[in-house]
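Colleague: Here are the chains, one letter per residue:
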Amino acid sequence: MSHEATEEPSGVILNGTEIGFEDGELLIEACERNGVHIPRFCHHSRMEPVGMCRMCLVEVDTGRGPALQPSCMITCSAGMSVETESPATKKAQDGVLEFLLINHPLDCPVCDKGGECPLQDNAYAYGPGESRFVEEKRHYTKPIAISETVFLDRERCILCDLCTRFASDVAGDALIQFQGRGAQTEINTFPDHPFASYFSGNTVQICPVGALTAKPYRFKARPWDLDEVESTSVIDSVGSRIAVQSSHDVVLRYQGIDADAVNWGWLSDKERFSFEAFNSDERIAEPMLRSGGELTEATWSTALAAAADALRGVDPERVGVIGGARLTNEAQYAWTKLFKGAIGTDNVDAQLGDGLTPDLLFGYPRATIDEACTPGGTIILLGPDPREDLGALFLRLRHAVVNDGARLIELTPLTTGLSSLAAARLHPHPGETSLVARALVDGASGDVAGVSRGAIDAARRAIEGPVTIIAGRANLAEHASLTAATVAELMRLDGARVLSAVRRGNIHGALDMGMSPGWLPGRQRLIGHSLGSGWPKVPTVAGLDSAGILAEAAAGRIDVLVLLGADPLADVPDAALARKGVSGADKIIAVDTFVTDSVSQADIVLAAAGPCEREGTFTNLEGRISVVAQKVNPRGTSRSDWEIAVELAAALGIDLEIESLDDIWAELSSAVELYDGLDLEKLAQHQREGIMLRPTPESTDVFTPVDTPRNDAYSLRLIVTRVMYDRGSIVSRCPSGATNPSSPAVRVNPYEFEQLGAVDGERFTLTSTAGKMSAPLMGDVSVPRGAVAVVFAQPELDVRSLIDHTAAVVDVRIERA
Amino acid sequence: MGYLNGFRVTFNKMFEDRVTTEYPEEKQEKPDRLHGRHVLNRYEDGMEKCIGCELCAAVCPAKCIYVRGKDNPPDDPVSPGERFGFVYEINYLRCIHCDLCVEACPTEAITESKLFEFSFSNRSDAIYTRDELIVDDDGRPQQMPWEDWRPPPDWA
Ligand code: SF4
Ligand code: SF4
Ligand code: SF4
Ligand code: FES
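Protein sequences, first through last, are from chains A and B. Residue numbers for the first sequence follow this note's numbering, so the first one is 28 and each next one is one higher. Residue numbers for the second sequence follow this note's numbering, so the first one is -16 and each next one is one higher.
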């Protein structure tokens, strides 16, 4: 369609053809949408344009005659005429590339970017073909390690500002910057401040040249021997979309994929480098049986027979199943069907005492990430710190607050990674958060729980627009019912919704699939379920949660304890409970990928396939189902978890009527309203954004919190939070994660620090009703008075010995060691 | 007496020039552009030329080259620069001696010798590894037990 310039055009004239545009759309993007690719380096659709590289110069005429303009910097306007193929444009592209290559080293053969390098591609497609420069190029030491994981080769850098913009604008860690002037301009870190960002891997992914490389992939392969499949990250509950790339049956790299509703292409380093753990030698490759006190390799048939023997004829009340968040939705269904439907026990819990009750998650309207990030909305953060626990969600929330005018109200025990951006920061005394929540809704008549009335009033004024409550366990030393009560208070706000921040892998899938006492697949209760005849033995009364199972086991009343990828010895906050429970269970069957502390206590170990070694689906914290793809073969003879469930059932003489994932979906979509009309084909069609489950929430019971005792004047109240890199079974097996230790100290407010007469790093003994521990003490202004803060699961700091799972809060006395 | 005609052919041949040679005792001059088995070369200082860039593996139409790179150990580098060929394997059951790898190599690390007389009795012998392909200290190929080097090649 050629355009006649007779009347005023309402669109942009692109190479003689009129195209439409959206309000405020950048020219480079409008052209792309209409099939005209303009070469670029520094443009990124998720970041502010800067016009650094000039690669996108095109001839633009807005009525004042044609001129070369960077198309990533100008927004479309009606009647604008653009030439992307004109001689002037071609000459500009040619020139820009010649300039960029003046000092660019001839590194392509050894450069990790070679083969997928925009500079190579653009030089080939738009460049001059040869260089007129014969002078010696600029030289720098190469490469320099700017963090434990990321390497920088300054010779290759084309100063596009992508990494620096990402670090400062998106992640908020402005640790790399431009330095120097003119030809000496370089990217670098500041002296003594390495690029220790939780999100550093993203800069490596977006760098258009091989200037930034990450250790896990350095020199491992070339792009042409990588094979790729789109999948979902299962390491935390955000469910970021990723490209899994492998070569010779080994996963070598995860790259973020831009799923508009979820992660926008970003990943936390924990997600990005988690594949390393599953490549490690510590994987369980074969089933194992305990013989003579040792775990020794066994065949599948003997291991399954042993597991079946242990379960045969056992009283269902005396069986407990802990874990399941590592599994895919399908495997969760199969295991639930085996234990709840066929064996008849309801003692199944995927949470390890560090989650939230499904009543809360199923009872209230849930928000998507997009809804939480609505421009002009309000986010009430109850914790945990998304920066530490849910990296990709943190980046989305941060963007909403910084760029879209969302207001953040922090109602957390400690400051978080978002504190500096919060409209209001309320840090109530541990155990009394719900009082502040009530005051936030109804107004305060005075100070509440250590929060001043003024602060509460200011926070109340900040609440506007749609309200989203980000609910998770901010403090592991606080009873879960207190969080539930706080959420219930806040839900009285108009139109409030909940975005779950329960963190562990596919935990939301597990809850949806009934891996929680009292629940069945499809968010159904035990009584009146729709699951049909394949579920003959569904119990009628709710069973035990994991704390209950462990307590019963400790009392010698659990004959078989099944651990589905769970490590209670490391993850249950109450250490004594976990220890007694695991040692008290008569027989332990573990289905896992690593010999964790708990697996080493098991009698029968069944080898499970890793995340890229199995097919299935994943449900993220919003309730969004997306596809998990298989990329490599399972390690050794390990199998998909659903297959293990089916085979164990067969060894018990039970037919689960499952032979494939399709069978599971056929059952789910016909019998369960929540999954009505869903199948793998449909999910594959919507693989990028997934499919949101949006049931109407059933009305919720009133949550009665456990009573919080009054603080006595001698004790401090314990706050236990998590950090991204801890001793978790996966992270601790990633060499790239193990290099980010956090402070191993116990922190108190400087006031109490002074009162104790302590010096920094001096060791003190902490005593609670549950136990004792000794640790160095540190003063920290971010800890409120009357509290003591400790990080969970850190080397040489086992705070779990202080935690009592039945108590509302943990009061701790601090004395000189 | 027609069968005598056959003997006439034989008889006439006895007085013609002989075109066959007593291979392998006696060998013909090899053509200039013969593509034999590969060698991995070194620089004069002994450093390996291969930088593990995998370009040879990428162009190989028979997909018989397998290369993996690695960071050069800083205190004891194998090749100049950051990266060296850590794994290098050519599978001679597949190689068609097209020489495209030699064309692709940016450092002239891989070249073809004129050695073509090797017959192996098992598959693993057919896969020449980096240790076998690399030239010795004098820049000469290493002789594998199953390679026929009679008469000694010109460089010997
Ligand atoms: S950044 Fe691209 S052009 Fe530069 S050396 Fe690496 S591959 Fe070659
Ligand atoms: S290091 Fe890479 S991303 Fe950063 S400015 Fe240089 S070229 Fe751009
Ligand atoms: S032989 Fe040449 S092309 Fe092949 S990997 Fe080594 S340097 Fe690269
Ligand atoms: S892409 Fe427009 S200036 Fe870099």
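Please keep in mind that the hints were generated in silico from the structure rather than gathered at the bench. Where a beta carbon is used, it is the ideal one built from N, C-alpha and C, also for glycine. Check the hints yourself; a few may be wrong.
[To be verified] Restricting the straight-line Cα-Cα distance to at most 16 Å, the calculated cross-link-like pairs of lysine to aspartate or glutamate (EDC-like) are:
1. Lys10/B with Glu95/B
2. Lys46/B with Asp252/A
3. Lys13/B with Glu72/B
4. Lys709/A with Glu686/A
5. Lys242/A with Asp82/B
6. Lys614/A with Glu157/A
7. Lys709/A with Glu725/A
8. Lys169/A with Glu130/B
9. Lys46/B with Glu100/B
10. Lys247/A with Asp54/B
11. Lys242/A with Asp219/A
12. Lys169/A with Glu100/B
13. Lys118/A with Glu175/A
[Claimed, not checked] Far from chain B, some chain A residues (derived; all Cβ distances over 12 Å):
14. Ile40
15. Val123
16. Pro136
17. Asp180
Colleague: Run every hint past the structure and note whether it holds.
Modeller: Against the structure, the hints come out as follows:
| no. | hint | result |
| --- | --- | --- |
| 1 | Lys10/B with Glu95/B | violated (20 Å) |
| 2 | Lys46/B with Asp252/A | holds (11 Å) |
| 3 | Lys13/B with Glu72/B | violated (26 Å) |
| 4 | Lys709/A with Glu686/A | violated (20 Å) |
| 5 | Lys242/A with Asp82/B | violated (34 Å) |
| 6 | Lys614/A with Glu157/A | violated (72 Å) |
| 7 | Lys709/A with Glu725/A | violated (27 Å) |
| 8 | Lys169/A with Glu130/B | violated (43 Å) |
| 9 | Lys46/B with Glu100/B | violated (22 Å) |
| 10 | Lys247/A with Asp54/B | holds (9 Å) |
| 11 | Lys242/A with Asp219/A | violated (20 Å) |
| 12 | Lys169/A with Glu100/B | violated (44 Å) |
| 13 | Lys118/A with Glu175/A | violated (42 Å) |
| 14 | Ile40 | holds (42 Å) |
| 15 | Val123 | holds (26 Å) |
| 16 | Pro136 | violated (4 Å) |
| 17 | Asp180 | violated (9 Å) |
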